[in-house]
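These protein sequence lines map, in sequence, to chains A and B. For what it's worth, the working numbering labels the leading residue of the first sequence as 1, then goes sequentially. For what it's worth, the working numbering labels the leading residue of the second sequence as 117, then goes sequentially.
Simulated from the structure, these hints should not be mistaken for laboratory data. Hints should not be assumed to be uniformly reliable.
[What the hints assert, rightly or not] Every beta carbon over 12 angstroms from chain B, so not counted as near; a handful from chain A, in silico:
| hint | residue |
| --- | --- |
| 1 | 3 |
| 2 | 8 |
| 3 | 13 |
| 4 | 15 |
| 5 | 20 |
| 6 | 24 |
| 7 | 45 |
| 8 | 49 |
| 9 | 53 |
| 10 | 65 |
| 11 | 69 |
| 12 | 70 |
| 13 | 72 |
| 14 | 77 |
| 15 | 83 |
[Stated by the list, open to error] According to the in silico footprint, chain A covers these stretches of chain B (three or more CB under 8 angstroms from chain A):
| hint | segment |
| --- | --- |
| 16 | 151-158 |
| 17 | 187-199 |
| 18 | 216-222 |
[Stated by the list, open to error] Far from chain B, by Cβ distances over 10 angstroms, these chain A residues were calculated:
| hint | residue |
| --- | --- |
| 19 | 27 |
| 20 | 43 |
| 21 | 109 |
Because the structure is a prediction, the values reported are computed rather than measured. A virtual CB, placed ideally from N, CA and C, is assigned to each residue, including glycine.
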Amino acid sequence: NAGVTQTPKFQVLKTGQSMTLQCAQDMNHNSMYWYRQDPGMGLRLIYYSASEGTTDKGEVPNGYNVSRLNKREFSLRLESAAPSQTSVYFCASTSGQGPRGNEKLFFGSGTQLSVL
Amino acid sequence: DAKTTQPPSMDCAEGRAANLPCNHSTISGNEYVYWYRQIHSQGPQYIIHGLKNNETNEMASLIITEDRKSSTLILPHATLRDTAVYYCIAMGSNDYKLSFGAGTTVTVRA
Numbered sequence: 001n002a003g004v005t006q007t008p009k010f011q012v013l014k015t016g017q018s019m020t021l022q023c024a025q026d027m028n029h030n031s032m033y034w035y036r037q038d039p040g041m042g043l044r045l046i047y048y049s050a051s052e053g054t055t056d057k058g059e060v061p062n063g064y065n066v067s068r069l070n071k072r073e074f075s076l077r078l079e080s081a082a083p084s085q086t087s088v089y090f091c092a093s094t095s096g097q098g099p100r101g102n103e104k105l106f107f108g109s110g111t112q113l114s115v116l
Numbered sequence: 117d118a119k120t121t122q123p124p125s126m127d128c129a130e131g132r133a134a135n136l137p138c139n140h141s142t143i144s145g146n147e148y149v150y151w152y153r154q155i156h157s158q159g160p161q162y163i164i165h166g167l168k169n170n171e172t173n174e175m176a177s178l179i180i181t182e183d184r185k186s187s188t189l190i191l192p193h194a195t196l197r198d199t200a201v202y203y204c205i206a207m208g209s210n211d212y213k214l215s216f217g218a219g220t221t222v223t224v225r226a
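Construct the entire structure; sequences and hints are all you get.
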């Protein structure tokens with residue numbers, strides 16, 4: 001049982017390049033999330049998907065797009081990378097069982113992205 | 117989701133109990149208190165959560181005050197491997213837009 005899997009683990013981009021971060025979960029979870037974490041700071045929500053077929057903006061969505069490909073997969077795309085997007089990106093999922101507030105977040109191991 | 121306030125850092129001696137405070141004075145009745153921790157730059161890991169009652173699991177204990185305005189995470193016998201950033205968050209029934217603050221950096225010293 002792999003949990004939440006993110007690829008790649010590391011990536012270096014030049015300004016203006018595009019790339020897609022992949023995330024997949026094998027826990028049959030309904031909700032999935034993308035976060036970014038800058039040095040010394042907490043995690044800020046970029047986008048989330050409450051269920052398959054839906055996506056919504058989080059706290060810091062500018063410069064990103066997402067796709068909920070199916071129930072398992074939720075990808076994050078940078079269309080034109082900027083140095084300000086240098087960060088560690090985490091994907092997470094929640095079970096969606098029972099009341100919304102009684103769910104655990106499961107996180108992937110992160111993608112370290114540098115934009116030069 | 118209710119805002120939570122945590123001290124930025126604290127030290128703990130190995131083998132002693134670590135008591136991590138969290139204030140959540142604006143918490144609503146349907147919001148749970150959750151604790152996660154992040155070791156190095158790994159993804160955050162769930163520790164424990166509760167609504168009203170105190171909770172205990174194999175990792176920690178959670179003490180929630182009767183008015184639910186604050187809580188304490190207790191690591192009963194801290195080890196060097198407990199050195200991490202600990203996050204306290206309040207999560208309710210409509211909370212999808214959930215972000216984590218800076219948390220408390222706990223350093224366990226030998």
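Consistency of the hints with the structure:
1. 3: 9 angstroms, violated
2. 8: Holds, because the least Cβ-Cβ distance between residue 8/A and chain B comes to about 15 angstroms, which exceeds 12 angstroms.
3. 13: 19 angstroms, holds
4. 15: 24 angstroms, holds
5. 20: 19 angstroms, holds
6. 24: 14 angstroms, holds
7. 45: Residue 45/A is in fact no farther than 12 angstroms from some Cβ atom of chain B, at 5 angstroms.
8. 49: Incorrect as stated: the minimum Cβ-Cβ distance to chain B is 9 angstroms, not above 12 angstroms.
9. 53: Given that every Cβ of chain B is farther than 12 angstroms from that of residue 53/A, nearest at about 15 angstroms, it holds.
10. 65: 18 angstroms, holds
11. 69: 19 angstroms, holds
12. 70: 19 angstroms, holds
13. 72: Per Cβ check, residue 72/A is outside 12 angstroms of chain B; nearest 18 angstroms; holds.
14. 77: 20 angstroms, holds
15. 83: Given a closest Cβ separation of 19 angstroms, the condition holds.
16. 151-158: holds (count 3)
17. 187-199: Answer violated; 0 residues pass the 8 angstroms Cβ test.
18. 216-222: holds (count 4)
19. 27: 13 angstroms, holds
20. 43: 4 angstroms, violated
21. 109: 5 angstroms, violated
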